[in-house]
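Starting from the known structure of chain A, arrange chain B on it as the hints suggest.
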Amino acid sequence: MAETSNELLKISKLRTVIKVRDGELVPVDGVDICVPFHSTVGIVGESGCGKSMTAMSVMGLLPKNVRIASGSIRLNGTELTELSPKEMRKITGDRMSIIFQEPMTSLNPVLTVGKQVREAIILHRNVSKEEAKKMVTEMFQSVGIPEPQRRYNAYPHELSGGLRQRVMIEMAMVCEPELLIADEPTTALDVTVEAQILHLMRKLRDEKNTSIMMITHNLGVVAEICDTVYVMYAGQVVEHTDVYEIFKNPCHPYTEGLMGSLPTVNSKERLKSIPGIVPKLDQLPKGCRLHDRCKYATERCKNEMPPLYDIGDGHTVRCFRMEEKGKAVE
Amino acid sequence: MEDRKVLVSAKSLTKTFKVKNGTVKAVGGVDIEIYKGETLALVGESGCGKSTLGRLLLRLIEPTSGEVIFDGKNITAMNNREMQQMRKEMQIVFQDPYSSIDPRFSVKRIIGEPLKAYKVFKTKKEQEDYIRELVEKVGIHKEDLERYPHQFSGGQRQRIGIARALALKPQLIVCDEPVSALDVSIQAQTLNLLHDLQREFDLTYLFISHDLAVVRYISDRVCVMFLGKICEIGNTEDIYRNPKHPYTYFLLSSTPKPDPLKRKEDKEILSGEAPSPMNPPSGCRFHTRCPYAKEICKKEEPAPVMLDGRLIACHFPLDEAGI
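Chains as they are written, first to last, in the working numbering: chain A, 393 to 722; chain B, 4 to 326.
These are computed hints drawn from the structure, not numbers from a lab. Bear in mind that the values here come from a model prediction, so they are computed numbers and not experimental data.
Here are a few chain A residues that face chain B, going by a calculated C-beta distance under 10 Å:
#1 S552
#2 L555
#3 T584
#4 R594
#5 L611
#6 V613
#7 A615
#8 V635
#9 I638
#10 K640
#11 L654
#12 K660
#13 R662
#14 S665
#15 I666
#16 P667
A short, non-exhaustive set of chain B residues, derived as facing chain A with CB atoms under 7 Å:
#17 S49
#18 A216
#19 S257
For lysine to any residue, the following SDA-like pairs were computed, each having C-alpha atoms within a straight-line distance of at most 20 Å:
#20 A/K660 to B/N245
#21 A/K664 to B/L200
#22 B/K301 to B/L321
#23 B/K270 to A/R597
The beta carbon of each residue, even a glycine, is placed where N, CA and C say it ideally should be.
Okay, chain A solo, but in the shape it has when bound (with noise of 0.2 Å):
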């Protein structure tokens, strides 16, 4: 791609390998994904397909029986892959933080959650105690939680869902990073909250200029939030293009699978959803890895695996079906 000025992360030829007892399962196989500045991003898929994993190979916060086997993760000119851990949790937190579903696992309970915000930023910034107080406060109220001074002092199980996920935003949020990850960050909550954090998402992105890679498998907040998209399948990225596009023009068996399995607001008729289920690690099929779920599939699909095709405007599918509409990118 010619736009290099134009990538903040850019994850190349990704593979995360998991160690178990009788050899390696990989969550991620060759991922490419490109996060532009001030964008948001959206990868989708069903559990099981990577996504997390490859947020977590982004962060360096892999447990220890996996790593990154090859492949480049650069934050803006910063590889990350050969950084030592000192080094990366620098940059976490800083040039780039993390919010997760469930933001009770992620808070310390037992510390209250203006403590837990202040830690995050003298960490960060040469500021003193009190200076850092009087920034975790203001922040709080620019993320809308309600009597900040009050709020400070409460621990995590006094707040509801909804103010203890805008807690967990504020700290991902103290110090401006450059890049956002959020993993599923509004899956527990009721869809008011929902539509509250979503709502805050977009404003901080906008006022701070910060980039979201957004992980979801709710294409209602893709459509609601990204500007870009990656379908991943089985630790693949499967197809990838501009919002718009893939709700109009869903190339990939799998994204149409996911498309139809949607309950659309006219039509009481039958869900066209995907038989079968997403297949484990150690059973991944040969070939194309949706083949054995597509009512396409061919021959060919069960022996080989396709390559990501460029069906023009940097829409790319990975599918055979595509092989006469563009060229392969790999």
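Okay, now just chain B, sitting in the frame of chain A:
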């Protein structure tokens, strides 16, 4: 649709739970009717009392006051033995099939248990044949009957839960968030299955869900709840096209639509936090978050009234809002 037969009706049903520092009125005086053969959806956010109401209608928990009439009989007045006979007619499917089916039972035993309890079949062979036929209907291979829950995926486990609920050929199945824990493609498979089974077995569903897109797809009528009270009941399409209760309006407008062309970055968002059910607001329980609230809403609780063929509890119902 006056001529439709009412299968279940509840009259001023309330349920109060004791908690540490007082009581919570989870369901506060609900009147509701479920017609035979329909799918009635119960929607609302967490803590609004929809699951409690579902359990009350099955008498899985005892109401604090009020009564439930099932198929013409007052089940709240029944003794245990009578109730046990009624239970055949009403079953439930839970959100998480892993915690609601015994992990040490094989599929055959899970589905066989209710049949055994009611002595439906005389011989083991008859029962086994029946189970075999039943699991095929919900999409589980009959070769898998000896397997255990952990050997199945989430979607398949939900199918086992559905087969168990179906085993006694009930009239009513309460589906409590049956697809919320499933991935979208599996969710679609399960919804299709529920739809097919309803036709085949002439089932009535009470479908409890917070997912408004799923509800629109599956239900004939919708009942919206907020803090233990009913806001609005009506035909699904009417309510989705023209919500009259402000809370319904905000629920619908908050739901992310899977269409980027309809993205509205400046859409109205319900502000504030949900009030605590331990200390619900006076008057209309929604008034603290309602942008249309006036003085009367703080003082007087709106009584449910019929308006254009639906029940609504609001002092100032919305006109054609058009979302």
